[in-house]
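First to last, the sequence lines map onto chains A and B. Taking my numbering, the leading residue of the first sequence gets 1, the next gets one more, and so forth. Taking my numbering, the leading residue of the second sequence gets 1, the next gets one more, and so forth.
Hints are computed from structural coordinates only; laboratory data are not their basis.
Residues on chain A that point at chain B, a partial pick, calculated with CB under 7 Å:
#, residue
1, Ser61
2, Ala101
3, Gly102
4, Thr108
5, Gln114
6, Val116
7, Asn117
8, Val124
9, Arg125
10, Trp190
Across the chosen pairs, the derived CB separations fall in these ranges:
#, chain 1, residue 1, chain 2, residue 2, range
11, B, Ile321, A, Gly214, 34 to 42 Å
12, B, Leu123, A, Arg71, 37 to 45 Å
13, B, Arg116, A, Gly128, 29 to 37 Å
These numbers come from a predicted model, not from an experiment. Yeah, the Cβ is synthetic: ideal placement off N, Cα and C, and Gly gets one too.
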Amino acid sequence: MSTELTESAVPPTTESSSDPSRRTFIATTTVVGGAVVAGGLIASPLLGAQEAAAAEAPPSSRVRLTVNGKRHTVTVDNRTSLLDLLRERLDLPGTKKGCNAGACGACTVLVDGQRVNSCLTLAVRLEGAEVTTIEGLAPGGADGELHPLQAAFVEQDAFQCGYCTPGQIMSGVGCIQEGHTGSKDEIREWMSGNICRCGCYVKIVRAVEQTARGK
Amino acid sequence: MYPFSFTKVSDTREALNAGRHGGRYIAGGTTLVDLMRETVERPETLVDITGLPLREVTVAERGGLRIGALVRMAEAAAHPKVRTLYPVISQALELSASAQLRNMATIGGNIMQRTRCTYFRDLTAACNKREPGSGCAAREGVNRTHAILGTSDACVATHPSDVAVAFAALEASVHLLGPDGERTVPFADFLLRPGSTPNREQALRQGELITAVEIPALPRPLKSGYLKVRDRQSYEFALTSAAVALHVRGGVIREAKVAAGGVGTVPWKLPGVEQHLLGERPSQSLWAEAAKQAADGARPLDHNRFKVELLQRTVERQLRIVGGTK
Numbered sequence: 001m002s003t004e005l006t007e008s009a010v011p012p013t014t015e016s017s018s019d020p021s022r023r024t025f026i027a028t029t030t031v032v033g034g035a036v037v038a039g040g041l042i043a044s045p046l047l048g049a050q051e052a053a054a055a056e057a058p059p060s061s062r063v064r065l066t067v068n069g070k071r072h073t074v075t076v077d078n079r080t081s082l083l084d085l086l087r088e089r090l091d092l093p094g095t096k097k098g099c100n101a102g103a104c105g106a107c108t109v110l111v112d113g114q115r116v117n118s119c120l121t122l123a124v125r126l127e128g129a130e131v132t133t134i135e136g137l138a139p140g141g142a143d144g145e146l147h148p149l150q151a152a153f154v155e156q157d158a159f160q161c162g163y164c165t166p167g168q169i170m171s172g173v174g175c176i177q178e179g180h181t182g183s184k185d186e187i188r189e190w191m192s193g194n195i196c197r198c199g200c201y202v203k204i205v206r207a208v209e210q211t212a213r214g215k
Numbered sequence: 001m002y003p004f005s006f007t008k009v010s011d012t013r014e015a016l017n018a019g020r021h022g023g024r025y026i027a028g029g030t031t032l033v034d035l036m037r038e039t040v041e042r043p044e045t046l047v048d049i050t051g052l053p054l055r056e057v058t059v060a061e062r063g064g065l066r067i068g069a070l071v072r073m074a075e076a077a078a079h080p081k082v083r084t085l086y087p088v089i090s091q092a093l094e095l096s097a098s099a100q101l102r103n104m105a106t107i108g109g110n111i112m113q114r115t116r117c118t119y120f121r122d123l124t125a126a127c128n129k130r131e132p133g134s135g136c137a138a139r140e141g142v143n144r145t146h147a148i149l150g151t152s153d154a155c156v157a158t159h160p161s162d163v164a165v166a167f168a169a170l171e172a173s174v175h176l177l178g179p180d181g182e183r184t185v186p187f188a189d190f191l192l193r194p195g196s197t198p199n200r201e202q203a204l205r206q207g208e209l210i211t212a213v214e215i216p217a218l219p220r221p222l223k224s225g226y227l228k229v230r231d232r233q234s235y236e237f238a239l240t241s242a243a244v245a246l247h248v249r250g251g252v253i254r255e256a257k258v259a260a261g262g263v264g265t266v267p268w269k270l271p272g273v274e275q276h277l278l279g280e281r282p283s284q285s286l287w288a289e290a291a292k293q294a295a296d297g298a299r300p301l302d303h304n305r306f307k308v309e310l311l312q313r314t315v316e317r318q319l320r321i322v323g324g325t326k
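Please model the complete structure; the sequences and the hints are all you need to start from.
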């Protein structure tokens with residue numbers, strides 16, 4: 001299966017306008033907010049020539065990549081991060097944006113089997129790459145059986161607000177694959193790229209340990 | 001982020017051609033993309049070099065080790081040769097950043113990474129490194145994490161790399177490829193002290209490409225290791241750190257390689273400490289006496305006076321860990 005998305009493509013929405021979902025509401029608000037900010041920037045005398053030129057036609061590139069087993073061909077502004085491509089273009093908002101600077105791990109996904117920060121990954125560089133996000137982890141798909149680490153997070157109650165959880169789980173999958181689960185201390189060290197502001201670390205470590213032992 | 005054009009190159013000739021025309025090389029991108037988003041970095045063209053054949057770790061001619069510039073931090077740390085011959089390199093790498101970042105970042109990019117000085121990243125602050133001539137907000141600002149060695153009136157920012165401290169200790173060299181061919185620069189000359197031009201950070205010429213970092217052969221057996229002291233236990237930059245390698249034969253220290261991190265504007269080699277160790281027998285008092293010289297020449301700022309003693313203790317402890325206590 002493959003999809004063709006272009007810069008102007010708008011993902012279809014199933015919600016009726018009289019019943020906006022939380023996501024639709026947030027997306028709409030973001031767009032309005034973005035327009036206000038952009039307007040402010042354009043009026044600013046500080047705007048550089050480089051940026052002004054970009055307002056016309058920012059350099060973009062065409063990229064073919066596979067996300068959760070599905071092939072996509074997308075044309076992206078070269079500045080687009082993998083994180084934004086997933087969330088804003090491919091309708092995969094499970095991957096979270098925390099710091100957007102590689103400091104929190106909320107955006108962790110697998111690229112060619114390796115855990116990476118999608119916020120620091122430019123989508124334009126992913127020609128031919130295979131990406132796995134939290135949405136593609138469960139072997140049974142969205143309504144089927146959970147991945148063992150997802151099930152362990154539920155069993156151990158390894159979250160409160162849940163915002164860091166997709167990143168924790170993707171990072172945990174990487175940690176287990178890499179074999180750094182010999183002790184609780186080793187898991188803590190090799191999971192330290194994922195911050196949990198609710199402080200659920202004890203249970204997160206238990207969930208990773210339980211899944212590693214179950215392998 | 002400012003817009004940029006993008007090109008991916010498949011051989012070094014293409015890369016050098018793009019570099020000569022002002023293209024900015026990108027490998028792991030973990031520093032560059034972050035700084036581009038903050039608009040501290042504004043390259044007009046990015047040249048993706050990750051397709052170049054610079055991803056090997058090989059034993060060099062005279063028995064040293066050559067680490068290709070595009071070897072990922074995680075790969076270098078896990079490489080059997082690196083782990084067995086130079087544990088100090090593996091340890092420095094694994095105490096850096098996070099597992100995710102180490103899967104992305106490369107050895108060449110690591111030594112090119114820019115300072116974590118908060119004023120460098122803050123466009124509203126004066127910073128001679130970011131904007132030459134604008135001043136240094138850190139000198140009279142919040143400078144707890146800044147450098148105490150190698151500073152100048154213009155800049156007090158630290159170099160943030162850990163593995164660069166190991167490279168400095170081991171007297172590595174950097175292999176470069178440019179339009180005029182290959183050359184090799186000693187690691188000590190590759191990273192530049194700020195002086196009056198803190199914006200110039202490496203001894204690189206326009207369009208030059210790092211191809212490898214080479215570690216020279218050292219007499220065996222060689223014990224080595226890296227100690228990192230920081231505000232939290234993991235995923236944090238060093239307040240102080242120490243890279244130590246010792247060759248002891250017949251009960252006497254014949255080679256001593258020591259450098260410190262988190263304290264210098266560049267990784268800080270400690271020849272005074274090394275000289276104090278050579279020809280001596282390992283002992284608790286020797287480690288303590290040698291480490292007293294670790295902060296020689298330090299010029300602390302308002303908030304980082306603690307680094308003087310912390311550095312001495314860090315070096316002493318790491319000498320004890322690597323050298324033993326008999």
